[in-house]
Structure formats: C-alpha cells, structure tokens
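Keeping the supplied structure of chain A fixed, place chain B upon it in accordance with the hints.
Sequences listed follow chains A and B, in order.
Basically our numbering = 1-based index in the first sequence + 45.
Basically our numbering = 1-based index in the second sequence + 1.
Hints are supplied without guarantee of correctness; some may be wrong.
[Claimed, not checked] In silico lysine to aspartate or glutamate, DMTMM-like type, Cα no more than 25 Å apart, as pairs:
(1) B:Lys196 - B:Asp51
(2) B:Lys59 - A:Asp133
(3) B:Lys59 - A:Asp140
(4) B:Lys59 - A:Glu136
(5) B:Lys120 - B:Glu192
(6) B:Lys120 - B:Asp101
[Unchecked claim] Chain A regions said to be covered by chain B (calculated; three or more residues, Cβ under 8 Å):
(7) 80 to 94
(8) 97 to 105
(9) 145 to 152
Derived by calculation from the structure, the hints in this document are not laboratory data.
From a predicted model like this one, the values you see are computed outputs, not experimental measurements.
All C-beta atoms in this analysis are idealised placements derived from N, C-alpha and C, irrespective of residue type, glycine included.
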Amino acid sequence: MDAEGLLILCLDDDARIREGMKALLERWGHRAVCAHDLETARICLGDATPDTAFVDYHLDSGRSGLEVLAALRTRWTREVPIVIVTADRSEAVRDAARAAGCALLHKPVKPAALRRCVNNALRSTSASGEVATGGSVPGESTGGEPARGESE
Amino acid sequence: MNPDAPLQEATASGPSLIVADDHPLVQAALSASLRQAFPGAQIIGASTIDGLVAEISKAQEGIDLVLLDLSMPGSSGFVGLLLLLRSFPTLPVAILSARDEPATIRKAIRLGACGYIPKTLSLDAMAEAVRQILSGDVWVPPGVSLDEPGQGDQDVAARLLALSPQQLRILSRMVDGKLNKQIAADLGIAEQTVKAHISTILRTLGVHRRTEAAVLVERSGVRP
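If we strip away everything but chain B, and leave its shape as in the complex, we get:
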C-alpha cells in the first residue's frame, strides 16, 4: 500500500474481496473470474453469515468489497445485509442474487447496499460491475429505476434499520425458528438477555408475537 497515493481504488497488489455464497460452484466461478479481472486480488470465500463476519473482523478494514448472496444461511432476506452494514459502517457491501425483481433491488440499495449484481449476468459483466462499485458508483442492472418506493416497503425497512447488530443476530435466529435457549447458547449470552432483546425487537417492529415478526421479515425480503 502506498500512503503517498491519497485516494486509490485498491492496493497495488489488487483489491481484497469476499465472495459470500453458500454454493461452491458460484464461489469458485466468481472467484476465478474476479482473479482474472483483477490481477493480484485476494479473494476470500465465506458460506455462512457468521463465517463472513469472522473474516471481516479478522481483516480489520482491509476488505474492499463484500459480495453477499441474499439466500445464504443466516441471511434471512435483508437481515444479513443489515447486520453487516450496522456492524461495519465503512464496509462496501453489494448483493449477489439469483433474484432480480426491481422491488428487491430497490430495497437492497435503499438499505445501503453499494450495488445489486444478479447471477444471471455473464462473468465479464459481473467483473465490470465490481470494478464500477470499487470506483465508488452504486451499481444496479440497466433499466432498474431506484425512485419508486412503496410506502409499505419504507415502513418495514425503517423498522429493521432501527435494530442494533445484536438484535439483528437474534431476529435472524428467531425467524429461523430457534428457541430462546438456543439463541442464548449461539450468541454466548444469558437467556434473560435474549428475552429482553426480543421484547425490544417486537416493540420496534410493531408486532406482538414472534410469528408476526417472522412474517414481517419474510415480507421485507427474500426467502431461499
């Protein structure tokens, strides 16, 4: 790295990218294509949200971009994206997804993703999208307009955004059907703490029961 070059898109040895997708073929193909497009790049793979968070924490701000699959385990639609964005406020995160409905794309960008890359793109087009995102652009597929919010979308998005990273972790497990005891064990906290967080989460989301929270999350995003 050259501290004398004030602004640059990547270190001299190429960008550091994380491909977070639980399909080995996707990870392999995309990693190979990115290595070709960005000589000297470091490509790290992750196949769960927890693994992804561990890699990012280890790298200490050395990551240039995370490509996140919405349907990965622990992703629960947009909950995984939000968890990343809240935990790492200066980290660029772009979505990688098999789904390409404009409404989903708009939601992702509105929540703070730096781009939305459908898996239907050619590998060359994906690499080009990554290049543009690294240069600071917000990338969406051509023809997708970002200016049509639904009032309902906004409400759900706003409520999810009000949750802390720890609350998002708990919500994600709750939506996956885990019991308080399991959530507490997963996160290494007391069951009482989980219960307290869940009360706050339900209140923030404006619902009264866990099942309603799950429905809200499902409505807000993508389910595998």
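Okay, chain A solo, but in the shape it has when bound:
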C-alpha cells in the first residue's frame, strides 16, 4: 500500500486550475486543499501545515500569491517547499520566485512536472521516502528530490 499521502495546498483564483491539480494530486494518493484567497486557505487548512503548496503568482483582488503565502506561513509549524505557478514568463517573476526560495512552474501546468514537484516534497517530508508497488499504476508515487534553489 502507498505511504501516507501528502497534504497539499493549491492556491489559485482559476477554478479550472484548482480542479485540474486536485484531480491529479488525488490520483497520486495525496490530499489536495484548494483555495482562491487567504481567507479560504486559512479556513480549509485550519491548524494544519501543508507538506507542500502550489501558489498562483497573480491572484485576484490585488494580492500577490507571495503576499498570501507570507501571511499563511506565520501559522505554519515548519518549512514548507513552495512552488509558484504562473502563466507569466517574465524575468521579474522568475527572480521573485528565486528570491523567495520557491520553485517555479509555468502554466499550462504539465502533469509530469507537477509529479516531479510532488515527489520532491515527498522526499523532503518523509524520512524513508519509500512508497510501494511497481508498474505504471495511477496513484503510485515515489521518493524524489527536495526542490530547493542551489547557490554555489
């Protein structure tokens, strides 16, 4: 049987993105909590700290995803690997993500890239990183890399 799935926050103001990511994450055996703003994220997460979070850079209502993230982080009990998700391919967003220590995924989000990010988080949260079973069955996931920027 699978190792415990991760608790994953998806913060995006586009319902199709939230639904699409939720479907994939659940297929891989994880629990996805979806929200479109700070308040909803707080209500849905409650006291829990997610294992990883996918955060839209350009949220509606003027707040950037990074601002909402900063507010959420004050209540989290440990470091959470964050992936910024955005259709914006500018250097500015790339730099902002790097400065904030976040990985970056561009929209449209590719399932294999999403899987990579989830596996990175799996490895950084679980001690052993082991997950069972072989074959290409949906819902299998395995240990991967921590998604941290490296400076030489």
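Same frame as chain A, now just chain B:
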C-alpha cells in the same frame, strides 16, 4: 501553447523531448519512434551530460521530458541523474538503460527519476511508457516492486543527495580520474575552489580519500 487550457500533457504542437544517449543508433531509432508516436513532437538529441545540460538551459523550461542513458559519458552511474535533478527541480527525467536489474530501477526511482525504461522494450512499448510518464505516472517495467530498500542503498543515496550540483559535477570528474587542475579548467573555477569542494564532498560521503569516493559512487550505480 494555449494558456486557457489550464493543464495539458503537451503543447498543441507535441511534446519537447530530449533523448540523451551517446549511441547514435539508439538516438536515431528512439527519436524516429517518438516522432511517430507523438506527431509534432520536438526531439532533441544529446550525447554528453554537458551537452544535455546546455540544451535544457537553452530551452528554459520548455522541455517536457528527458530520457537519460545511465551509461553516457559524464553520467558516472547516478551522479548524472542527480546533477540533472538538482539543477532543474521541475524537470521530469526518466532513465533509459540497457540494464534492468530491479535494484538499479528502485535506486533510480528513489533518487527522483520519473520512470525507468529498459532498452530491451519494443519501440512501441517505449513510446507508451513515455506517454504514461508525460501524463504524470511514474513508470517502471511490470513486475518491478519499489518497496524493497536495502539499508546500504539508502545511506549512499542519501549522501549523494546531499551534494550540490557543482559538487556533483566535481565528483563526476574526480571519479573519471581527472586531476584538480583539470577539473578547475573544465569548470572555469580556481583550483583552490576545487580542493575546498572536494574536502566537503569527501566529508559528506563519509570517506577520507578520493579513491574511496570513487568506490562509493561505483557501488551506488551503474558503470559502463
């Protein structure tokens, strides 16, 4: 690309794939088969790790999947895979290999590969494996179980994972027998910097000498 389609497996013109294998026949056969399986796909070939890294950097996140041969020059077993995974944290990388021992497959997946495709597969089966990987599955050959870690495997894997991309580049050249001066010239850094990195690498791997580091790397993976 259609930014209105929130999630998709490939752009409308087909996926961008890199086949990294230093055997021209393998590259040609696999590229042709993938082009047939994925109309409109862009298939880029690479025959060294450095060349592969250059192609990926050029494409700026436009690559959907890298198929990496474990025995390619600069690969040093799993060091090449780790270098890729650490340098490009959102890039899917699957292994292509002539070897198909379950232990090797398990190690590759544990380190973060999105799949392990033995070259003994038919081209059709390979294309299907690629399709499944692009859809987000982790692909291994049927019958390979992923839940039997050896304690020794885990230790070596954990130590290799603690190295930075630059340290992995240095380790790979060290294992290939290059002198500090050559490594420094290769990477465009000072020899002093190489020496400092090597001290850290040896300490991280828990060994005292370069030869021991080479043995560790060899034990951890595949040698051509």
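Taking the hints in turn, this is what the structure says about them:
1. B:Lys196 - B:Asp51: Within the cut-off at roughly 21 Å; holds.
2. B:Lys59 - A:Asp133: With a Cα-Cα distance of about 18 Å, the restraint between Lys59 of chain B and Asp133 of chain A holds, given a limit of 25 Å.
3. B:Lys59 - A:Asp140: Answer holds: Lys59 of chain B to Asp140 of chain A is near 17 Å, not above 25 Å.
4. B:Lys59 - A:Glu136: 15 Å, holds
5. B:Lys120 - B:Glu192: 40 Å, violated
6. B:Lys120 - B:Asp101: 9 Å, holds
7. 80 to 94: violated (count 0)
8. 97 to 105: With 0 residues close enough to chain B, the hint is violated.
9. 145 to 152: Holds: 5 residues of the stretch 145 to 152 of chain A have a Cβ under 8 Å from chain B.
Against the hints set out earlier in the document, violations occur for numbers 5, 7 and 8.
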